[in-house]
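Asks: Chains as they are written, first to last, in the numbering used here: chain A, 48 to 163; chain B, 32 to 142.
No wet-lab data here; the hints were simulated from the structure.
Careful, some of the hints might be misleading.
Claimed, not checked - The list that follows gives simulated cross-link-like pairs (lysine to aspartate or glutamate, DMTMM-like), each with its CA atoms no further than 25 Å apart:
1. A:Lys58 / A:Asp110
2. A:Lys104 / B:Asp127
3. B:Lys57 / A:Glu103
4. B:Lys100 / A:Glu151
5. B:Lys101 / A:Glu91
6. B:Lys57 / A:Glu91
7. A:Lys104 / B:Glu36
8. B:Lys57 / A:Glu151
9. B:Lys87 / A:Glu151
10. B:Lys100 / A:Glu91
11. B:Lys101 / A:Glu151
12. A:Lys61 / A:Glu125
13. B:Lys57 / B:Asp97
Said to hold, decoys possible - One-sided and incomplete, this derived list gives chain B residues near chain A with beta-carbon spacing under 10 Å:
14. Gln40
15. Leu42
16. Tyr66
17. His76
18. Asp97
19. Lys100
20. Tyr128
21. Val140
To be verified - Listed below are several chain B residues computed to face chain A (Cβ distance under 7 Å; list not exhaustive):
22. Asn62
23. Ser70
24. Arg72
25. Leu74
26. Glu84
27. Lys87
28. Phe119
29. Ser125
30. Gly133
31. Gly135
All residues carry an ideal CB built from backbone N, CA and C; glycine is no exception.
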Amino acid sequence: DTGVSQDPRHKITKRGQNVTFRCDPISEHNRLYWYRQTLGQGPEFLTYFQNEAQLEKSRLLSDRFSAERPKGSFSTLEIQRTEQGDSAMYLCASSLGSIGGAGELFFGEGSRLTVL
Amino acid sequence: SQQGEEDPQALSIQEGENATMNCSYKTSINNLQWYRQNSGRGLVHLILIRSNEREKHSGRLRVTLDTSKKSSSLLITASRAADTASYFCATDGSNDYKLSFGAGTTVTVRA
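Using the sequences provided together with the hints, build the complete structure.
Replies: This is how it looks when you write it as structure tokens:
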């Protein structure tokens, strides 16, 4: 297993367009996370899944954002009607999940979005 | 919002010197973790310390945790050019399955 993979690595789009990012977690991991990171800041939590169930969403995740994890395997993050403020690195992470906490997260290389 | 705050924001040291960075957090935690991020890349887990632990070592890394002060420190000994990166602390609370990250410390190791 080569770790968490994300696609595409870079996406440039025009304001108002829709974009979709895909994340393939480590195969035996049941938890999958999406974070957003802007320049000079730490990752900000967006949402996470336990298997196929989306268990928590940040208030940062406006109604233009939707995430899915069908069948508890890969996940997609879609942003509709993109705005310039959506420009950021979108990071996916997965974990085996530990009792009483997040446990160690394994991150992908991220998908960098630039909205013109 | 970010739970942790790292200090300093940036650190520049000579190869072979030690690098120390601190993390303060606001609410009670279950675990505290440190991650490294090279420029433009994903984050890599370095070390996890539980709330009932005070100190932990892993290779050239030493982490301390003071829950009474809600703070942690990461020490990298005998730094190398390859240690140049941003370092983030991250916390989770009891029955909280997400990590909250600080803004990070950017470390530059000069050859």
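Asks: Any of the earlier hints contradicted here, and which numbers?
Replies: 15, 18, 19, 21, 23, 26 and 27
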